Amino acid sequence: MTETAAPEALAAARAAADRMGKTKRLNALLTPAKDLRKSLLAQAKEVHPSGVLYGMPVAVKDNICTLEFPTTCASKILDGWQSPHEATAVAKLKAAGALIAGKANLDEFAMGSSTEHSAFGRVIHPLEKSRVPGGSSGGSAALVAAGAVPAALGSETGGSVRQPASFCGVVGIKPTYGRVSRYGLVAFGSSLDQIGVLGRSVHDAARVLSVISGRDGKDNTCEDRDPLRLPNVPENLQGFVIGLPKEYFPPDMDAGVRRACDRAIRALKELGAAVRDVSLPHTAYAIPAYYVIAPAEASSNLARFDGVRFGPRLGEGTDLRALYRETRGEGFGPEVRRRILVGTYVLSSGYYDAYYRKAQQVRALLAQDFRNVFDRGVDLIFTPTTPTTAFKAGERMADPVAMYLADIFTCTANLTGLPAMSVPIGRVKGLPVGGQFIGQSWLEDEMLEAAYALERAIPGAEDV
Amino acid sequence: MSVSADDVRKIARLAELEVAEEQLPELVSQMSRIVDYIAQLAQVPASETPKPFVTGPDAIRFRPDEVRPWPMAFGAKDLAPAFKNGFFLVPKLDAFGDGAPAQ
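So the protein lines, in turn, are chains P and D. Read in our numbering, the first sequence has 227 at position 227, and its numbers run on one by one without any break. Read in our numbering, the second sequence has 70 at position 70, and its numbers run on one by one without any break.
Accuracy of the hints is not assured; some may be wrong.
Derived SDA-like pairs: lysine to any residue, alpha-carbon spacing no greater than 20 Å straight-line [stated by the list, open to error]:
| hint | chain 1 | residue 1 | chain 2 | residue 2 |
| --- | --- | --- | --- | --- |
| 1 | D | Lys10 | P | Gly329 |
| 2 | P | Lys429 | P | Lys218 |
| 3 | P | Lys76 | D | Lys84 |
| 4 | P | Lys38 | P | Ser50 |
| 5 | P | Lys129 | P | Ala393 |
| 6 | P | Lys392 | P | Gly256 |
| 7 | D | Lys84 | P | Pro84 |
| 8 | D | Lys77 | D | Phe88 |
| 9 | D | Lys51 | P | Asn372 |
| 10 | P | Lys218 | D | Glu66 |
| 11 | D | Lys77 | P | Lys429 |
Ranges between beta-carbon positions, derived for each pair [unchecked claim]:
| hint | chain 1 | residue 1 | chain 2 | residue 2 | range |
| --- | --- | --- | --- | --- | --- |
| 12 | P | Ala303 | D | Ala39 | 21 to 27 Å |
| 13 | P | Glu8 | D | Pro50 | 52 to 58 Å |
| 14 | P | Glu235 | D | Gly75 | 40 to 46 Å |
| 15 | P | Asp277 | D | Ser47 | 24 to 30 Å |
| 16 | P | Glu8 | D | Phe83 | 40 to 46 Å |
No lab work stands behind these hints, which were simulated from the structure alone. From a predicted model like this one, the values you see are computed outputs, not experimental measurements. Virtual Cβ for every residue (Gly too), placed ideally from N, Cα, C.
Start from the sequences and build out the full structure, keeping to the hints where you can.
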């Protein structure tokens, strides 16, 4: 503890606890208020003032391991589970002086697009209570949008940071696969998962990303690179070539989202960027490929939850296999069960070639689509983040495919490992719309420059 | 329906997941909807075969194959539902009980 550090950090901790308390109606935070306040004050006494995030409260999605709070993945199968280690991203945040401001609600095991699939109840959209905040990082997005924290960690497998960022009117960044260590992120689809950041502004999200990025000996899929260096805010975007893929602007596109995108594209041109129509011809196959690969990986990753080594043991379990089945059958919620079953199905004998191998082929074709566009001189791609604004709670629960289509514009960046981010570009009938930049691998700095410029050029919280 | 109740029973057994009989009709309907949807992958011509794609670093680094201490705040004893003398305690494996070994 440092004598000079405590007063400012303590004030920040108390203020964060107060703000968090005011967001209770959203059900966005899984940490009890009393525990949060106690922990924040204890952290504030330890934090060092030299950190670049000194005193900044950052909420953490509850599928990222922390020592301060239990990690439940919003699942009954991990109810109350205390991790014996913390995620590298969390350790880096603490080393930079940030305060871990509790665990944010999510779709169970990050499987969902509305944060309705949580064992601890759905998260309420901060602007319109009948709507969903998006998902699966819906709790993180709602806390940032409600002003409780300036930034929060989320995780992405198919758009779970960008989609809720778009629905809630905040910034959401998914870095290049390998930019941030996955150590301590509970695995869902290991070839797709990345920790991402939600922030109230591009700068807040970017500086948190910068801190958590960089090499980590505990994750061999984390690239051996220095942390991301933040770019300066550019005066203009002269020299940038921005591609607009026609497949992301279909003729039947939502009129409000179209208006917001048109205004953002006009702003990009006025900033000096050259805007060019491009094509990513295999986009239509992205969602079917994603919903083969992600459940296949999930069915394997979630095999470890069996009531033997950690988490509660559920059911009677008179025989070992009965123990597995009863614990898993009772512990997993409906969407997780569905995905485990689909994943097992596509990997089973007789179906592997038709589904899994084909999906991997599509993945390679999607990566080639992006390479072709970038090789022709395009620096960045701009698209809507989501096809619609936030939908109503319950609207898509009965039809899993309708829910999956909420990720139609985001999952390509996960399948191809590319960095991507969502920036607020206006509102339609009071509901936020996000614009998405997709960049080239390891060139997050270019993407951030464009986002900084666009954020300054258009009022993201105004109706279009 | 492209997926039958027997298909779901078999997959659930493979996945070590108990599924109640009353949940089967809804699962059959939803899984059929999902499988019909992902079946559109068949429309991608087999001739389109680009080089395989893997996310992440171009060259995966390997660690030396050696036992190293792993920093944990507490051990398996405090994590597991049942643990004694260095072992996880589980019920006996009854191969002839609840559904023979998965195929």
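Now the hints, each set against the structure:
| no. | hint | verdict |
| --- | --- | --- |
| 1 | D:Lys10 - P:Gly329 | holds (15 Å) |
| 2 | P:Lys429 - P:Lys218 | violated (46 Å) |
| 3 | P:Lys76 - D:Lys84 | violated (25 Å) |
| 4 | P:Lys38 - P:Ser50 | violated (23 Å) |
| 5 | P:Lys129 - P:Ala393 | holds (9 Å) |
| 6 | P:Lys392 - P:Gly256 | holds (17 Å) |
| 7 | D:Lys84 - P:Pro84 | holds (19 Å) |
| 8 | D:Lys77 - D:Phe88 | holds (8 Å) |
| 9 | D:Lys51 - P:Asn372 | holds (14 Å) |
| 10 | P:Lys218 - D:Glu66 | holds (14 Å) |
| 11 | D:Lys77 - P:Lys429 | violated (55 Å) |
| 12 | P:Ala303 - D:Ala39: 21 to 27 Å | holds (26 Å) |
| 13 | P:Glu8 - D:Pro50: 52 to 58 Å | holds (54 Å) |
| 14 | P:Glu235 - D:Gly75: 40 to 46 Å | violated (56 Å) |
| 15 | P:Asp277 - D:Ser47: 24 to 30 Å | holds (27 Å) |
| 16 | P:Glu8 - D:Phe83: 40 to 46 Å | holds (44 Å) |
The earlier numbered hints that this structure contradicts are 2, 3, 4, 11, 14.
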